[in-house]
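Number of protein chains: 2
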Amino acid sequence: MADAALFEFLHTEMVAELWAHHSDPGPGGQKMSLSVLEGMGFRVGQALGERLPQETLAFREELDILKFLCKDLWVAVFQKQMDSLRTNHQGTYVLQDNSFPLLIRMAAGLQYLEEAPKFLAFTCGLLRGALSTLGIKSLVTASVASLPTCKFQVVIQKT
Amino acid sequence: MADAALFEFLHTEMVAELWAHHSDPGPGGQKMSLSVLEGMGFRVGQALGERLPQETLAFREELDILKFLCKDLWVAVFQKQMDSLRTNHQGTYVLQDNSFPLLIRMAAGLQYLEEAPKFLAFTCGLLRGALSTLGIKSLVTASVASLPTCKFQVVIQKT
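Protein chains in written order, with our numbering: chain A, 1 to 159; chain B, 1 to 159.
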């Protein structure tokens, strides 16, 4: 097991580096950085998903898989469980973390809210990647109403 | 404690992303990617160094600090200790890892040796950053004679 802070430090550096690179301050540059981060998260999520024990991969119920992400995946990456999971039973799930570790060091002021998306893109990809390995296509978005609480919305893509 | 593979997966993505970015195939582009990776490693090493217990920071002997890197830092990041540490007692140290985790998935052929530097730059920075937090200025380089064995050479910069 690696030092828990290592991932957090590395994530911070990655976000900073990508922002420095796509230094175009317009929405185009930022969108590109977000999609690069999301893509990195996706591939890491896929790879983590492949490390799951085989019995996990035999999950049949969609809800079981979502519960697994909230518990096992979250503990593996963030050393805590997701705080709540809700669903409309029609393929949409809302996963809420009341103190999301990658936002926790950010001061809790309204003026910082606009900075939040760049600290969420990687994790959206991570969830989408792990779901993909488990055979589920999805769209994952995140929203922050008040720091450091964060909601991830997972919409299952039916084939 | 985070899943040990998380760091490895993230490192792989980081290297791939930086190589895609600085797509200039000439030595200039590659040099820039290496120095970006080294810089990221340096800042992560500094941050990890700051998490060390205070008694560690009271090390007096240079050799103790290098031993600390070989043991505690290496375990925190790679879940194993460095295999050997040698010194000329004049400020140069050679740290050898006989199966460096970030090289271990690389096939062991001569043709892959030229790919090795991009998997070493981050870790060189990591060592330099941790040393910097412990009050030591250094130059850190790495070399690979046969995969996956790797030697890190630390040259202390006397003030």
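Since the hints were derived computationally from the structure, they do not count as laboratory data.
Honestly, I wouldn't trust all of these hints.
Chain copies aren't distinguished; within one or between two, either way the pair holds.
Stated by the list, open to error - Result set (EDC-like, lysine to aspartate or glutamate): computed pairs, CA atoms no more than 20 angstroms apart in a straight line: (1) Lys67 - Asp3; (2) Lys151 - Glu115; (3) Lys137 - Glu114; (4) Lys118 - Glu62.
These numbers come from a predicted model, not from an experiment.
These are the hints, each one checked on the structure:
no., hint, result
1, Lys67 - Asp3, "between (25 angstroms within a copy, 18 angstroms between copies)"
2, Lys151 - Glu115, "within (16 angstroms within a copy, 40 angstroms between copies)"
3, Lys137 - Glu114, "neither (28 angstroms within a copy, 38 angstroms between copies)"
4, Lys118 - Glu62, "neither (28 angstroms within a copy, 40 angstroms between copies)"
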